[in-house]
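If you read the sequences in order, they're chains P and Z. For the first sequence, the positions run 1 to 97 when the working numbering is used. For the second sequence, the positions run 1 to 97 when the working numbering is used.
Hints were generated in silico from the structure; no laboratory data involved. Be aware that a few hints might be false.
[To be verified] Within a straight-line C-alpha distance of at most 25 Å, the following computed BS3-like cross-link-like pairs (lysine-lysine) qualify:
hint, chain 1, residue 1, chain 2, residue 2
1, Z, K50, Z, K62
2, P, K62, P, K50
3, P, K50, Z, K4
4, P, K63, P, K50
5, P, K4, Z, K4
6, Z, K50, P, K4
7, Z, K50, Z, K63
8, P, K4, P, K50
9, Z, K50, Z, K4
2 protein chains.
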Amino acid sequence: MTSKLDTFFGAMADPTRRAVIETLARGPASVSTLHAPHAMALPTFMRHLKVLEETGIVRSVKKGRVRTCHIDPAPLVEVQGWLAWQREIWEHRSDRG
Amino acid sequence: MTSKLDTFFGAMADPTRRAVIETLARGPASVSTLHAPHAMALPTFMRHLKVLEETGIVRSVKKGRVRTCHIDPAPLVEVQGWLAWQREIWEHRSDRG
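Chain P extracted, bound-state conformation (with noise of 0.2 Å):
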């Protein structure tokens, strides 16, 4: 569980990344697409792509010569979890403020 956090807010703390998931939000789409609006090298992206599949929030499958991205939201579920849960021991404390 920890770990888990640790990877996926180390993974969401660059802005490359979370456009990326931004992007996948609406639909698969190949590693090419994704790495159009990036003005990066393509092995720098992938290096990022790599940090998003280390977390699990991102698969990906490769058919011929096309490798596409999915998200798989288990992981956003769970940190969504652990962040609604502070905030809900906050906001139901007595000495609040």
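Following the hints, position chain Z against chain P.
Just chain Z now, with coordinates in the frame of chain P:
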């Protein structure tokens, strides 16, 4: 917006810092109370607190010799908004899979 999310997600990508948030969600606490459960030198712990203060999620007030920390939930609400937005898009798209 982008850089706020960067600093918040970066701050949360560490178990010591998340433990501080979990404690402060229950109520304000002094630096020494927050430090007590963590097996690290005070200066190391203070650097973690500084990272949290830089995101705005932790604020502190010094009275005499005691510095008391509390949560400001605004950054938490903002990040929850970003995550919920991604999830919302994902859950409502037509080609979901």
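Which of the listed hints are not met by the structure?
none
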